[in-house]
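Note that the protein sequences, when read in sequence, are chains A and B.
Going by my numbering, the first sequence opens with residue 1, and the numbers climb by one from there.
Going by my numbering, the second sequence opens with residue 1, and the numbers climb by one from there.
Just so you know, these hints were derived from the structure itself, not from any lab.
Don't take every hint at face value.
[Unchecked claim] Restricting the straight-line Cα-Cα distance to at most 20 Å, the calculated cross-link-like pairs of lysine to any residue (SDA-like) are: (1) A:Lys8 - B:Ser79; (2) A:Lys8 - B:Gln72; (3) B:Lys166 - B:Glu151.
[Claimed, not checked] Partial pick of chain A residues on the chain B-facing surface, computed with a CB cut under 10 Å: (4) Arg71; (5) Leu96; (6) Phe152.
We put the CB at the ideal spot given by N, CA and C, even for glycine.
For reference, the chains in residue letters:
2 protein chains.
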Amino acid sequence: MNRKLMWKDTGKVEQVWKGPVFNIDAVHRQSPDGREHPMVVCRAPDWVTVIPELPADPSAGKEEPSFLMVRQFRHGSGSLSCEFPAGVVDPGETSLDAAVRELREETGYTADQLIEIGNINPNPAFMDNTSTTYLARGLRKTHDLDLDDNEFLERLEVSSSAIMEKMGTGEYHSAIMVQCWYWYLKYCRTI
Amino acid sequence: MNRKLMWKDTGKVEQVWKGPVFNIDAVHRQSPDGREHPMVVCRAPDWVTVIPELPADPSAGKEEPSFLMVRQFRHGSGSLSCEFPAGVVDPGETSLDAAVRELREETGYTADQLIEIGNINPNPAFMDNTSTTYLARGLRKTHDLDLDDNEFLERLEVSSSAIMEKMGTGEYHSAIMVQCWYWYLKYCRTI
Numbered sequence: 001m002n003r004k005l006m007w008k009d010t011g012k013v014e015q016v017w018k019g020p021v022f023n024i025d026a027v028h029r030q031s032p033d034g035r036e037h038p039m040v041v042c043r044a045p046d047w048v049t050v051i052p053e054l055p056a057d058p059s060a061g062k063e064e065p066s067f068l069m070v071r072q073f074r075h076g077s078g079s080l081s082c083e084f085p086a087g088v089v090d091p092g093e094t095s096l097d098a099a100v101r102e103l104r105e106e107t108g109y110t111a112d113q114l115i116e117i118g119n120i121n122p123n124p125a126f127m128d129n130t131s132t133t134y135l136a137r138g139l140r141k142t143h144d145l146d147l148d149d150n151e152f153l154e155r156l157e158v159s160s161s162a163i164m165e166k167m168g169t170g171e172y173h174s175a176i177m178v179q180c181w182y183w184y185l186k187y188c189r190t191i
Numbered sequence: 001m002n003r004k005l006m007w008k009d010t011g012k013v014e015q016v017w018k019g020p021v022f023n024i025d026a027v028h029r030q031s032p033d034g035r036e037h038p039m040v041v042c043r044a045p046d047w048v049t050v051i052p053e054l055p056a057d058p059s060a061g062k063e064e065p066s067f068l069m070v071r072q073f074r075h076g077s078g079s080l081s082c083e084f085p086a087g088v089v090d091p092g093e094t095s096l097d098a099a100v101r102e103l104r105e106e107t108g109y110t111a112d113q114l115i116e117i118g119n120i121n122p123n124p125a126f127m128d129n130t131s132t133t134y135l136a137r138g139l140r141k142t143h144d145l146d147l148d149d150n151e152f153l154e155r156l157e158v159s160s161s162a163i164m165e166k167m168g169t170g171e172y173h174s175a176i177m178v179q180c181w182y183w184y185l186k187y188c189r190t191i
């Protein structure tokens, strides 16, 4: 059956747009019925997202875990968005390096443990990269925020129940964050 | 605090790439500290995904629901991908129209009920569109498949437990589908 579904690479690729963060290629592939087509592929660096968990502490009256998030303007939606700390994997970095760096830069925290809980393609239809989700535990505030010139953000601490209520709505409108939260719930055996 | 986070539109927008499905604009915005920057925005049509649920039928030995999915080659990942029926909202269509059409074209089924269970931005960082998820119930096979010239796909029926096991891994590697499945679990009060 795969022969009826698989497209073949012809080796012909043209870069049709070069941008500051990602490029667009036309990748010429041969369809299962033998016709050649230029298909649009967005070549992007891999992404990482870190879910920084601050555990429940019932003896101090904190009955559920909370999470560090960042609130920032996003240029695609043209609106404010509340997200877990996230960013692209820079050249020479591993995904884990990028996770450590983004957590530090966007929250000022360092984690004793960074556990990979998900690795996925943001959209196989046109993206060629992967998005890896890490759960950060054992958090300590070690640094001041260290933001890029164009980053303006506010750090939030959001309870588990507030995330369950809001995720996917209002300022929590990022599909990437919803799938990160799915990995968290799966890791914690809630689903 | 919003004044420290909000970017302002300057009204200046240039289309920097025009593609067959989406375009790229440089949207000039003023940062919270007053500098103007061209920001990359991907202008894409809205998307819909349909989760076609075939209910459990214990009297016939079917102990759990199953779902219609499609297996197809995806040009971003360059690999086969198992996904719920999905596509873009065509000009003149509502999201619901597109959901009815995609379900019929990719599976040959018609639903008595299409329930909107999620509406989200695929990636607020650079996408300007929305992705709406519908749950399809009361399914009847009414049509043959009706595929675009460049669509080659295989229809699958996948059990609920198989989706829970595989979602986000292997051929089930689409972040968009993971967030659709999150909406389904939330709608069914599993999470």
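Structure-based check of each hint:
Between Lys8 of chain A and Ser79 of chain B the alpha-carbon distance is near 10 Å, which keeps this suggested pair within the 20 Å criterion. Between Lys8 of chain A and Gln72 of chain B, the direct Cα distance comes to roughly 13 Å. Compliance with the 20 Å bound is thereby established for this hinted pair. The straight-line distance between the Cα atoms of Lys166 of chain B and Glu151 of chain B is roughly 24 Å, outside the 20 Å bound, and the hint therefore fails. Interface hint status for Arg71 of chain A: upheld, as the beta-carbon distance to the closest one in chain B is roughly 7 Å, under 10 Å.
Violation of the interface hint for Leu96 of chain A is found here, the shortest Cβ-Cβ separation to chain B being roughly 19 Å, above the 10 Å cut-off. Residue-level restraint check for Phe152 of chain A holds (minimum Cβ-Cβ distance to chain B is 5 Å; threshold 10 Å).
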